[in-house]
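Given chain E, work out where chain B should sit, using these hints.
Protein sequence lines correspond, in order, to chains E and B. Read in order, the letters of the first sequence are residues 28 to 144 in my numbering. Read in order, the letters of the second sequence are residues 131 to 237 in my numbering.
Treat the hints as calculated values from the structure; they're not laboratory data. Do not take every clue at face value.
Unchecked claim - Covered stretches of chain E, as calculated for chain B (at least 3 residues, CB under 8 Å):
1) 66-77
2) 121-132
3) 135-143
Cβ coordinates follow ideal geometry from the N, Cα and C atoms, glycine included.
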Amino acid sequence: QVQLQESGPGLVKPSQTLSLTCTVSGDSITRSHYYWTWIRQPPGKGLEWIGNINYSGTTHYNPSLKSRVTTSVDASKNQFSLKLSSVTAADTAVYYCARTTISFDYWGQGTLVAVSS
Amino acid sequence: DIQMTQSPVSLSASVGDRVTITCRASQSISSYLNWYQQKPGTAPKLLIYSTSNLQSGVPSRFSGSGSGTDFSLTISSLQPEDFATYHCQQSYSHPATFGGGTKVEIK
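Bound-form chain B, shown alone:
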């Protein structure tokens, strides 16, 4: 199985801050990397697919980059509704695997 490692596990930030979350794969996954946002008690929501493609309806302050084994999700200006847990996921091979999640909290 491909292991996905996210960092940091959690972070505290203020509204308006630029936030970057990283995700590392245990082997190359080309650009088969997706990002999800999950708020407490709700299902994950797709933000970005195939490394850098914004899902329809997702604000442009979210962006993704990377290739091979190293990827990142950036929120350019954190908004109150962005406080949540973010998960990366590889779709390069079965079984699909997720990172452990990054919780973004209010400073």
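Next comes chain E alone, as it looks inside the complex:
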């Protein structure tokens, strides 16, 4: 059974960098036909696609966040990561990681990250 689990700080100060890691089990992050995606959902609002990455390091980012987003893969740990710089209160959200083919077929449980001083 494929499982994804997000981890990282639940509180980040304004202007700092949000860092999250997604650990994948039950599948290999090196499979060539998958992308690995980050999605967020502000409290009470809809879903926003942040970006994705594949094993070879090809990335796609949402233009609205592109200047602040970096993703990476650590195949040795079967993990991928997200960094979002210069955060503000508007970045407060539940952050999800997901496996991606033509759709997001497996999701992590999500982790709430609040931006506050």
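Positioned in the frame of chain E, the structure of chain B alone reads:
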């Protein structure tokens, strides 16, 4: 970016009702349309991919149809466990975009 518009924003229905949710794309997305179910405090769950393909383990009362810009999700006979928020999502082009969601509530 491709804008996805869902309607209605919310609906009230009874167990056993037939429910249809619609999703419209701002440009043609062929059949690259997926549907997700989300219950409070949990991650979205994939129901249907590529317009009409039922994800493994999803009950057959769920179905999807459409093409181009207009799509729909139908629940043939609403069950208690179906009360949730439903999201459509286009995978035609980056950035992937979602509809605003449709909340299905108990009448």
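Status of the hints after comparison with the structure:
1. 66-77: holds (count 4)
2. 121-132: As far as the stretch 121-132 of chain E goes, the hint holds, because 5 residues have Cβ atoms under 8 Å from chain B.
3. 135-143: Satisfied; 3 residues make the cut.
Of the numbered hints stated above, none is contradicted by the structure.
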